[in-house]
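Participant: Now for the letters of each chain:
There are 4 protein chains.
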Amino acid sequence: MTNHTDVSQTAPLIDVAPLSSALEKFAADRDWAQFHSPKNLVMALTGEVGELTEIFQWMTEAQSRAAGTNPDTAQAVKEELADVQLYLVRLASVLGVDLNEAVQHKLQKNAEKYPADKAKGSSKKYTEL
Amino acid sequence: MTNHTDVSQTAPLIDVAPLSSALEKFAADRDWAQFHSPKNLVMALTGEVGELTEIFQWMTEAQSRAAGTNPDTAQAVKEELADVQLYLVRLASVLGVDLNEAVQHKLQKNAEKYPADKAKGSSKKYTEL
Amino acid sequence: MTNHTDVSQTAPLIDVAPLSSALEKFAADRDWAQFHSPKNLVMALTGEVGELTEIFQWMTEAQSRAAGTNPDTAQAVKEELADVQLYLVRLASVLGVDLNEAVQHKLQKNAEKYPADKAKGSSKKYTEL
Amino acid sequence: MTNHTDVSQTAPLIDVAPLSSALEKFAADRDWAQFHSPKNLVMALTGEVGELTEIFQWMTEAQSRAAGTNPDTAQAVKEELADVQLYLVRLASVLGVDLNEAVQHKLQKNAEKYPADKAKGSSKKYTEL
Numbered sequence: 044m045t046n047h048t049d050v051s052q053t054a055p056l057i058d059v060a061p062l063s064s065a066l067e068k069f070a071a072d073r074d075w076a077q078f079h080s081p082k083n084l085v086m087a088l089t090g091e092v093g094e095l096t097e098i099f100q101w102m103t104e105a106q107s108r109a110a111g112t113n114p115d116t117a118q119a120v121k122e123e124l125a126d127v128q129l130y131l132v133r134l135a136s137v138l139g140v141d142l143n144e145a146v147q148h149k150l151q152k153n154a155e156k157y158p159a160d161k162a163k164g165s166s167k168k169y170t171e172l
Numbered sequence: 044m045t046n047h048t049d050v051s052q053t054a055p056l057i058d059v060a061p062l063s064s065a066l067e068k069f070a071a072d073r074d075w076a077q078f079h080s081p082k083n084l085v086m087a088l089t090g091e092v093g094e095l096t097e098i099f100q101w102m103t104e105a106q107s108r109a110a111g112t113n114p115d116t117a118q119a120v121k122e123e124l125a126d127v128q129l130y131l132v133r134l135a136s137v138l139g140v141d142l143n144e145a146v147q148h149k150l151q152k153n154a155e156k157y158p159a160d161k162a163k164g165s166s167k168k169y170t171e172l
Numbered sequence: 044m045t046n047h048t049d050v051s052q053t054a055p056l057i058d059v060a061p062l063s064s065a066l067e068k069f070a071a072d073r074d075w076a077q078f079h080s081p082k083n084l085v086m087a088l089t090g091e092v093g094e095l096t097e098i099f100q101w102m103t104e105a106q107s108r109a110a111g112t113n114p115d116t117a118q119a120v121k122e123e124l125a126d127v128q129l130y131l132v133r134l135a136s137v138l139g140v141d142l143n144e145a146v147q148h149k150l151q152k153n154a155e156k157y158p159a160d161k162a163k164g165s166s167k168k169y170t171e172l
Numbered sequence: 044m045t046n047h048t049d050v051s052q053t054a055p056l057i058d059v060a061p062l063s064s065a066l067e068k069f070a071a072d073r074d075w076a077q078f079h080s081p082k083n084l085v086m087a088l089t090g091e092v093g094e095l096t097e098i099f100q101w102m103t104e105a106q107s108r109a110a111g112t113n114p115d116t117a118q119a120v121k122e123e124l125a126d127v128q129l130y131l132v133r134l135a136s137v138l139g140v141d142l143n144e145a146v147q148h149k150l151q152k153n154a155e156k157y158p159a160d161k162a163k164g165s166s167k168k169y170t171e172l
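Chains as they are written, first to last, in the numbering used here: chain R, 44 to 172; chain V, 44 to 172; chain B, 44 to 172; chain C, 44 to 172.
These aren't lab readings, by the way, just hints derived from the structure by calculation. Since the model is a prediction, treat every value here as computed from it, not as a measurement. A few of these clues could be false.
DSBU-like, lysine-lysine: derived pairs with alpha carbons at most 35 angstroms apart [what the hints assert, rightly or not]:
1. V:K149 - R:K149
2. V:K68 - R:K163
3. B:K149 - C:K152
4. B:K161 - B:K149
5. C:K163 - C:K68
Footprint (simulated), chain V over chain R, 3 or more residues, beta carbon under 8 angstroms [what the hints assert, rightly or not]:
6. 54 to 64
7. 137 to 143
8. 153 to 160
Glycine included, C-beta positions come from ideal geometry on N, C-alpha and C.
Extracted from the complex, chain R is given alone in its bound form:
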């Protein structure tokens, strides 16, 4: 029997409220809400993940771990991570999704799916083949 933690009582894992408000104001000031359908925002998110991917595509894994040591690369990485975060929060906002609650539930679900003792050192669980 799984004893689900009451998520509503636990401390927040993430707080995006100020950013969500700032983005809502940013869009309202420019009359951009009309363009911010979830469909469009998902595409914008894809575009930014694509730009992030282009930074790492020819790197080895070892090089990717050291990406922060090159100032130009580090700056580019920061900007793309920010872009992904901005669109993700905006998307959750227009969809009315509470990101913290969503994250809490997902983390709990993952903990039940991958018990530490069984998943240890294996990436097998990832490959859904």
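Based on the hints, put chains V, B and C in the right spot on chain R.
Facilitator: Chains V, B and C in isolation, oriented as in the chain R frame:
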């Protein structure tokens, strides 16, 4: 002359510290840090954005705005948004990027790039053609 | 009882052999095969699909159908479609996958999965929720 | 002075005409053309590239090069490559883009951009930082 706000003094827009710690512990408990190179995590992020995209691909924009009204769709959307957020925070963590600082700088940059009075009601600035 | 067509006997649906050879020579001439692991090429493919997505992200569906009427947009679309095709063929090549055979089997599978009379006018089958 | 080859005279690098026709008939038989706006098809393409990415995300580069040796992985890879090819050809079709011409021009452009003697053994040209 642009008078840059001292970002370090402003209130945080986003706080992901508890989630970042939780994910670090989650990975350590399963000996998964070895798989979490930035290169791999960017790919995992791509996979999740792909799953999010599949929810919306055949919807009209109007349907996408009403996605929350169908309980099954709403649940799927929540899970995928959570997955994207989890990998994004984990990625920033292994890269040593402060997401709040990155977001603050990007938002400021966007405000300077798209002055409210000039960008009003136009999506032109987006198309980099 | 499903009577599978012998794919090996049917006329090809797609022929990418000359392009595959051209790309192999292109990479060999530049000593780039070392960078062309499937992992890296999948990421390059992601990057190009991201660029393609950026062209369409703020368009309505109707505007996307008319994308060819603007010469600049048409040119950008052509280049991104080409980039996706180039990386896809290169990826199939290094993985030793016969794209024509793969496409034939998939099309046959789809025909069995979505009988014309039952799938008529519905996009429901797409949403895997 | 660059002496551009007359692309229209050269042998085709790729022939997708039979697949393009097959997909048009497939969509017509199911009354699906209404869903096949370029915007929607680009999203469908993203979804498939996401599924392809999930196969490779936790592999090392060396493991990705050997992906064909595991029958289950090889089968999954084939199906995803086919899906990407199907949507790409369908997308080019609804946009009225001649994929062979697009690919010919792009390959020529790349040859001019990366002269073999200068690009030899370097992945530098890729990183657009």
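Participant: Given that the region 153 to 160 of chain R was listed as covered by chain V, double-check it with a C-beta distance under 8 angstroms for 3 or more residues.
Facilitator: With 4 residues close enough to chain V, the hint holds.
Participant: Do the alpha carbons of C:K163 and C:K68 lie within 35 angstroms of each other, as the hint requires?
Facilitator: violated, 45 angstroms
Participant: Can the restraint linking B:K161 and B:K149 be considered satisfied, given a maximum Cα separation of 35 angstroms?
Facilitator: holds, 19 angstroms
Participant: Are there at least three residues in the region 137 to 143 of chain R whose beta carbon sits under 8 angstroms from a beta carbon of chain V?
Facilitator: Coverage by chain V holds for the region 137 to 143 of chain R (5 residues, Cβ < 8 angstroms).
Participant: For a C-alpha distance cap of 35 angstroms, please report whether V:K149 and R:K149 respect it.
Facilitator: With Cα atoms ~28 angstroms apart, V:K149 and R:K149 stay inside 35 angstroms; holds.
Participant: For the region 54 to 64 of chain R, do three or more residues have a beta carbon lying closer than 8 angstroms to a beta carbon of chain V?
Facilitator: It holds, with 8 qualifying residues against the three required.
Participant: Tell me if the straight-line CA distance from B:K149 to C:K152 falls inside 35 angstroms.
Facilitator: holds, 33 angstroms
Participant: What's the verdict on V:K68 and R:K163, does the C-alpha distance respect the 35 angstroms limit or exceed it?
Facilitator: holds, 13 angstroms
When each numbered hint is compared with the structure, a violation occurs for hint 5 only.
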